[in-house]
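Undergrad: Here is what each chain is made of, one letter per residue.
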Amino acid sequence: MRTAADLKVPLITLVGPPNSGKTTLFNILSGKNYKTVNYPGSTVEYFTSRILSKYNIKAELVDSPGIVSLIPESIDEKVAVDSLYSHPKLGTPDLVITTIDSCQLSRHLLLPKQLISAGFNVIIVLTMTDILAKRGLKISERKLSKALNCDVVVLNGRSKQGIENLIQATNSNLERLGVTYKKNIIPYNSLENRKDLIDTFKEIEGIVNDVYENVNEDEKIYLNSANRELKILQDGTTNNGFTPDEITLKIDRVLLHRFWGFLVFVLVMGLTFTSIFWIAQPLMDLVDELFTNLNSLVLENFESGWFTFLVSDGIISGAGSVLVFVPQIIILFVILGLLEDSGYLARGAMLIDKPLSKIGLNGRSFVPMLSGFACAIPAMIAARTIPNRKERLFTIFIIPLMSCSARLPVYALLIAYLIPRDKPWLGGILLGGIYFFSIVSSIVVAWIINKFSKRIFSTEGSSSFILELPSYRVPKISAVINHTYNSSKEYILRAGPMILGFSLVLWFLTFFPNINPQVETEGFTTRQIQNLERAERLEHSYASDLGKLIQPFMSPIGMDWRIGVSLISAFAAREVFVSSLALTFKVTSEDDEEQSTLLNSLRNAKIEATGEKLFTVATSIGLIVFFIFALQCLSTVAVSRKETGGWKIPLLQVFIFTALAYFMTFITVNGLRFFGIQ
Amino acid sequence: MRTAAELNYREKGIISEIDFSHPSSKRIMEHGFTPGQTIELVCKSTFNDPIAISIRGTLIAIRKSEAGCIKLK
Chain A
1 MRTAADLKVP
11 LITLVGPPNS
21 GKTTLFNILS
31 GKNYKTVNYP
41 GSTVEYFTSR
51 ILSKYNIKAE
61 LVDSPGIVSL
71 IPESIDEKVA
81 VDSLYSHPKL
91 GTPDLVITTI
101 DSCQLSRHLL
111 LPKQLISAGF
121 NVIIVLTMTD
131 ILAKRGLKIS
141 ERKLSKALNC
151 DVVVLNGRSK
161 QGIENLIQAT
171 NSNLERLGVT
181 YKKNIIPYNS
191 LENRKDLIDT
201 FKEIEGIVND
211 VYENVNEDEK
221 IYLNSANREL
231 KILQDGTTNN
241 GFTPDEITLK
251 IDRVLLHRFW
261 GFLVFVLVMG
271 LTFTSIFWIA
281 QPLMDLVDEL
291 FTNLNSLVLE
301 NFESGWFTFL
311 VSDGIISGAG
321 SVLVFVPQII
331 ILFVILGLLE
341 DSGYLARGAM
351 LIDKPLSKIG
361 LNGRSFVPML
371 SGFACAIPAM
381 IAARTIPNRK
391 ERLFTIFIIP
401 LMSCSARLPV
411 YALLIAYLIP
421 RDKPWLGGIL
431 LGGIYFFSIV
441 SSIVVAWIIN
451 KFSKRIFSTE
461 GSSSFILELP
471 SYRVPKISAV
481 INHTYNSSKE
491 YILRAGPMIL
501 GFSLVLWFLT
511 FFPNINPQVE
521 TEGFTTRQIQ
531 NLERAERLEH
541 SYASDLGKLI
551 QPFMSPIGMD
561 WRIGVSLISA
571 FAAREVFVSS
581 LALTFKVTSE
591 DDEEQSTLLN
601 SLRNAKIEAT
611 GEKLFTVATS
621 IGLIVFFIFA
631 LQCLSTVAVS
641 RKETGGWKIP
651 LLQVFIFTAL
661 AYFMTFITVN
671 GLRFFGIQ
Chain B
679 MRTAAELNYR
689 EKGIISEIDF
699 SHPSSKRIME
709 HGFTPGQTIE
719 LVCKSTFNDP
729 IAISIRGTLI
739 AIRKSEAGCI
749 KLK
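These protein sequence lines are chains A and B, in that order. So the first sequence is numbered by this note's numbering: it starts at 1 and just counts up by one. So the second sequence is numbered by this note's numbering: it starts at 679 and just counts up by one.
Here chain A stands alone, though its shape is the one from the complex (with noise of 0.2 Å):
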């Protein structure tokens, strides 16, 4: 990449506290035309753009990661302060933009404070002046910029008023620089200790009463006034400060109550949790059409040869497969959206700190665990939130073992194949029994695995959690959109090219070397015929070959090569165990009937060397079993390699969870034998 350095035109960083509004400045200045760049070997990543030329500025700009203060605790911490000090592909900034919440001055300024100490030129961005004038309040910018020594512009994020004197500000700053600025940047060490910073807030505390002015006169008010007029209650001892927003203290005397806090928290989980499946299924199944209706278009249209099939089989079903998440990855980025710009998800994680504590997670652990619920991927980048980092690691080693969506339809196959056909009814208990099992499972194991967290993760850290409630507002739909939109992007870019480079693979293993399969070809029709090559193709591959390797580890669980197969291939993704087992039991049916023949098959399948029964009602409620603890999907294992920055936890979570979902197959099936059921 060609950076600021390269280029020769400045460098701009955007620095500010969580909720100062960083993100809409960033989204203003760039146009929302961004890339990410990563902070060597380490996950904290970096937004970065050229300003929209509309605002004539040449520099580079970024967005950092948000932080309160310049002396890092955490390793991710320290990571993103070393990298704003200097960026071992950006640089050192030349100009710091910092955003500070105008309501927030005696907490936000702290940072600016620091920045201003350490020799950075720094200009300050007030925002959510609006909401500091509905409480009768304005800050004077004049004031504040001779305090500090700096320039201060005021900036509506919604209606992007102010920003043309932001634009001024940074090109005078940046001609000020000219080209032989030299940075002498003081590093934080030596910055300030626990003492300076009480100092500091004492200074602040000094600006604070200065520069808060009254929106009709220019005369200077003292804020305990200003409360009064408000009709706060006060006492006499409180200084220098708001209450906070009065509507956010009513909200949560219903959301943060000990009783209806917790019940209105369940209930929205619910409904997200549901609303990723059913409202998501309709759309999964027109992708997962469409993708099926391209893949025969181009097997009917084209002769049939090895390049045939793979463009068909390897390329577009491999696609599919990627692309079939993507509506359930939007739903769930619009709701979590939805629920974290309105302010409700920092409750949600505070609610649920303390069961999460007793099993060494964090209440910042909840997020990430829910998207897993709907796929592994997004929801190991989500953990980055997690500011311990034992924690954070351990979060994402049990992601996995959330029943994420690529499960779903393994479960409606067996499931379909286990109840009697005149009661439908039972699959859904069935199914929210096997959703019940898994979280049961996973919090048993979390517990387990927390007793060997300091050799699994190596690191320890006291764990802490303290969160900012951010007072509620109306989320806002574009900023949603845009994440979400971002966020997708972000799980095709990632996820896309192993999912369908892996499906290629395991084309390949399907596919050769027997070419061309010689099957009897009277009183079929064509699509039959081509099935019959197909299953014929795949009992001489080298996939089959893998499959009968295995052969011995399957007989214990009472299973046989053929689902061994299907069970490597479903290392690709999940969902391709259900079309892999359509192939090896060769189904001869038309498409639309694919689950009613295969479950036919399925009913007839002996297993080759005694004759008995395959899928009996102890190997398939085994295999759900086995899917419902194994970690099969290659892309979930790379993500992790790449969010916990080694092969450690991968490798790890591959062995522990295939040993342990084959250790309760093996317990289940044998289990249930011994009590009769077979």
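Quick caveat, the hints were computed from the structure, so don't treat them as lab data. Wrong hints could be hidden among the right ones.
[Stated by the list, open to error] In silico DMTMM-like cross-links for lysine to aspartate or glutamate, where the CA-CA straight-line distance does not exceed 25 Å:
| id | chain 1 | residue 1 | chain 2 | residue 2 |
| --- | --- | --- | --- | --- |
| 1 | A | K358 | B | E695 |
| 2 | A | K78 | B | D697 |
| 3 | A | K250 | B | E695 |
| 4 | A | K202 | B | E695 |
| 5 | A | K134 | A | E205 |
| 6 | A | K358 | A | E73 |
| 7 | B | K704 | A | E203 |
| 8 | B | K742 | B | E695 |
| 9 | B | K742 | A | E643 |
| 10 | A | K134 | A | E468 |
| 11 | A | K195 | A | E175 |
| 12 | A | K195 | A | E468 |
| 13 | B | K690 | A | E246 |
| 14 | B | K704 | A | D199 |
| 15 | B | K749 | A | E205 |
| 16 | A | K143 | A | E203 |
| 17 | A | K451 | A | E643 |
| 18 | A | K195 | B | D697 |
| 19 | A | K250 | B | E689 |
| 20 | A | K454 | A | E643 |
| 21 | A | K160 | A | E175 |
| 22 | B | K749 | A | E468 |
| 23 | B | K749 | B | E718 |
| 24 | A | K354 | B | D727 |
| 25 | A | K451 | A | E490 |
| 26 | A | K113 | A | E175 |
| 27 | A | K250 | B | E718 |
| 28 | A | K354 | B | E684 |
| 29 | A | K606 | A | D545 |
| 30 | A | K454 | A | D210 |
| 31 | A | K202 | B | D697 |
| 32 | B | K690 | A | E205 |
| 33 | A | K606 | A | E533 |
| 34 | B | K749 | A | E73 |
| 35 | B | K749 | B | E689 |
| 36 | A | K195 | B | E695 |
| 37 | A | K642 | A | E203 |
| 38 | B | K722 | A | D199 |
| 39 | A | K202 | B | E718 |
| 40 | B | K704 | A | D545 |
Go by the hints and put chain B onto chain A.
TA: Relative to chain A, chain B alone:
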């Protein structure tokens, strides 16, 4: 001496000092918990922990174990 963790529902207190020996003390101070500030316990979550404290016009959710290092007058 009482700490913020011992505040009752909707009770106010003034911070006298922060226990520097606590590993979270720096983070707590960076969120604005400094001596002299008035705080109020606004909510407790279902399991009594974490608690939501109002400080400098903002609500902060904090575990009781960490609120324990905020000493009150």
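Undergrad: Could you tell me which of the hints above the structure violates, numbers in ascending order?
TA: Violated: hints 1, 3, 9, 11, 25, 30, 37, 38 and 40.
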